[in-house]
Amino acid sequence: MNPVLVDLVWRATVETVVMTFASGLISLVFGLPLGLLLVATAKGGVAENLWINRLVGWVVNGFRSVPFIILLVALIPVTRLIVGTALGTGAAIVPLAIAATPYFARIAEVSLREVPRGLIEAVESMGASRLRIVREVLVPEALPGIVSGFTVTLVTLTGASAMAGAIGAGGLGDLAIRYGYQRFETSVMVVVVVILILLVSGIQVIGDRIAAALERR
Amino acid sequence: MKMDKTIAGQPLAGPETAPAVAEIRGVTRTFGSARALDSISLTVRKGEILGLIGRSGAGKSTLIRCLNGLERPDSGSIRIEGQEITDLSDRALQPLRRRIGMVFQHFNLLSAKTVIDNVALPLKIAGVAPAERRRRALELLDLVGLAARADAYPSALSGGQKQRVGIARALSANPALLLSDEATSALDPETTHSILDLIRDINRNLGLTVLLITHEMDVVRSIAGRVAVIDRGRIVEEGAVADVFARPVHAVTQSLLAGIRPQLPAFLLGRLGVNGTGPAVFSVDAVGADAGRDFARLFGETLGAPVHLVHGGIDHIGDQPVGRFFFRAEADRLAILARAESLGPAIHVEFLGHEPGSR
Ligand SMILES: Nc1ncnc2c1ncn2[C@@H]1O[C@H](COP(=O)(O)OP(=O)(O)O)[C@@H](O)[C@H]1O
Ligand SMILES: [Mg+2]
Chain A
0 MNPVLVDLVW RATVETVVMT FASGLISLVF GLPLGLLLVA TAKGGVAENL
50 WINRLVGWVV NGFRSVPFII LLVALIPVTR LIVGTALGTG AAIVPLAIAA
100 TPYFARIAEV SLREVPRGLI EAVESMGASR LRIVREVLVP EALPGIVSGF
150 TVTLVTLTGA SAMAGAIGAG GLGDLAIRYG YQRFETSVMV VVVVILILLV
200 SGIQVIGDRI AAALERR
Chain B
0 MKMDKTIAGQ PLAGPETAPA VAEIRGVTRT FGSARALDSI SLTVRKGEIL
50 GLIGRSGAGK STLIRCLNGL ERPDSGSIRI EGQEITDLSD RALQPLRRRI
100 GMVFQHFNLL SAKTVIDNVA LPLKIAGVAP AERRRRALEL LDLVGLAARA
150 DAYPSALSGG QKQRVGIARA LSANPALLLS DEATSALDPE TTHSILDLIR
200 DINRNLGLTV LLITHEMDVV RSIAGRVAVI DRGRIVEEGA VADVFARPVH
250 AVTQSLLAGI RPQLPAFLLG RLGVNGTGPA VFSVDAVGAD AGRDFARLFG
300 ETLGAPVHLV HGGIDHIGDQ PVGRFFFRAE ADRLAILARA ESLGPAIHVE
350 FLGHEPGSR
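Quick mapping for you: the protein sequence lines, in order, are chains A and B. Letter 86 of the first sequence, counting from 1, is numbered 85 in numbering that gives the first Met the number 0, and no numbers are missing. Letter 348 of the second sequence, counting from 1, is numbered 347 in numbering that gives the first Met the number 0, and no numbers are missing.
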């Protein structure tokens, strides 16, 4: 492969990594509180409120039922509003984060809900406030599951960011379409696929290691 | 049901006059149409170990959870150290909950925290500074014999060790009352004993008040001073453990006691009939000094016939001898009961029947 292509592949890889991790981080920051809200307001939760629970549940489900490629297009006005443009890596982060947030919120919710009721009651019986219960029990006890869930979210985002390439987001997906598909540069296609495999495996291995290290049960 | 509150004629000192730590009055709690608690009244006095026993589903956990506000009663009054808690908001309950330590059947230790951090958690919640928390947690781990495992995670401990940590955690914030909900039910008999010994030592050495919930009479018998029996949400029997063991009145108490009180073996009991013509068989229950009296002689003299011990003997509950004897004698029911009458109300005699055969 010629040096120009190597440079292109390198830059595309960086763009994919940036898109994946930036949107992943945003989904973590917003998705975890959302997951907590879903668990806390559920029946029997530490701050039971079925109306809020249903409302948040609907919004989350709404976003999750729209296919990513449609969300990508539908969110173009929002993206323009936030980033100023709908093109490029920075712009792709907006729809990626918006799609990943409810996705991760549901995954976090499952881990949080699995925290045994007895542990929450034990700490409640010590006179802990709700915030304290969240900080000392819910999050630490669910952390291995949350880390695994975040790993899954990052892997999914890696794939989704390639899809975002289709509307000019840059990254490996964009490269694969322009060179591999439109110009029949099979070698570029192969390299892109190999890099994606390495990227996803790397995320999975690191995520699994961290989750295992946190697992104390 | 009021039980005789004396043991062998001596009034019980201490617990009866000590101030109440927890006072439950007419507490009712329903789930749907089911009454988990039906107008329950119970007082836990300072320094005592009160055993609350009942079958599964009797309402024990619901009652104990009402005491720290994890469960709200529908009606009735609950006072902790004199303060009414039933009308408190969740937030107002928080400082009060710190006065009550709780130990659970399944330990409920936080798996993500080390042993010492588990023990220190109530102190953290109470706003104690880190250095002081650590010092106090180590002190308690020392008390329960686990100082060496301070930095281990709970998953590395055995069940008995986990419960020791649970007890240390319940004690760390210096509670006025320790609630134990089936704390030994998940443990093997040997570990159960060591945990009960620990609770008793803590009660003796620190003067801590304990409300101990269990479905096992053996637990009550080992360490409780008083016992209350709960059935279908009601207290059906209450009194000093030795008294209740000597003379259980309610059918539920009798059946809970069946396993550990001497019972006439079935093959002997099966032979007895009210209209038999053979020797009579009767039981004698007595507590304290009375338990040591020579009943065979006492009855033999009046009945004019030899009286033989067929089963039973003297057991000890705390330092109280509790006697339960089964005798056989060539006599009739009326003569036996007349003699029993003259022995006074502290000694309980029951005519069980006659063996078949000629008289
Ligand atoms: N949260 C609840 N919802 C419905 N029923 C309950 C609940 N908690 C307890 N109960 C019922 O109340 C009764 C007493 O339960 P519990 O206090 O747990 O009994 P115990 O601890 O003596 O086994 C049982 O019949 C149980 O099914
Ligand atoms: Mg129970």
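If you're looking for bench data, these hints aren't it; they were derived computationally from the structure. We put the beta carbon where it would ideally sit given N, CA and C, even for glycine. Wrong hints could be hidden among the right ones.
Partner residues aside, some chain A positions facing chain B, computed with beta carbon under 10 Å [to be verified]:
1) 4
2) 6
3) 10
4) 122
5) 135
6) 136
7) 201
8) 203
9) 206
10) 207
11) 208
12) 210
13) 211
14) 214
15) 215
Consistency of the hints with the structure:
With a least beta-carbon distance of about 48 Å to chain B, the hint placing residue 4 of chain A at the interface is violated under the 10 Å criterion. Given hint, residue 6 of chain A at the interface with chain B, is violated; its Cβ is 46 Å from that chain's nearest Cβ, farther than 10 Å. The restraint placing residue 10 of chain A at the interface with chain B is violated, with a minimum CB-CB distance near 41 Å, outside the 10 Å limit. For residue 122 of chain A, the shortest C-beta to C-beta distance to chain B is roughly 7 Å, which falls under 10 Å, so the interface hint holds.
Given hint, residue 135 of chain A at the interface with chain B, holds; its Cβ is 7 Å from that chain's nearest Cβ, closer than 10 Å. A least Cβ separation of about 6 Å between residue 136 of chain A and chain B falls short of the 10 Å threshold, and the interface hint therefore holds. Taken as an interface hint, residue 201 of chain A does not check out: its beta carbon lies about 26 Å from the nearest beta carbon of chain B, beyond 10 Å. For residue 203 of chain A, the suggested interface contact is broken, since its CB lies about 23 Å from the closest CB of chain B, more than 10 Å.
Of the supplied interface hints, the one on residue 206 of chain A is violated, with its beta-carbon coming no nearer than about 18 Å to a beta-carbon of chain B, more than 10 Å. The beta carbon of residue 207 of chain A comes no nearer than 18 Å to any beta carbon in chain B, farther than 10 Å, and the hint placing it at the interface is violated. Restraint check, residue 208 of chain A versus chain B: the minimum CB separation of about 17 Å is more than 10 Å; hint violated. The closest approach between the C-beta of residue 210 of chain A and any C-beta of chain B is roughly 13 Å, which is over the 10 Å cut-off, so the hint fails.
For residue 211 of chain A, the suggested interface contact is broken, since its CB lies about 14 Å from the closest CB of chain B, more than 10 Å. With a least beta-carbon distance of about 9 Å to chain B, the hint placing residue 214 of chain A at the interface is held under the 10 Å criterion. This hint holds: residue 215 of chain A has a C-beta 5 Å from the nearest C-beta of chain B, less than the 10 Å allowed.
Checked against the numbered hints above, the structure breaks hints 1, 2, 3, 7, 8, 9, 10, 11, 12 and 13 and satisfies the rest.
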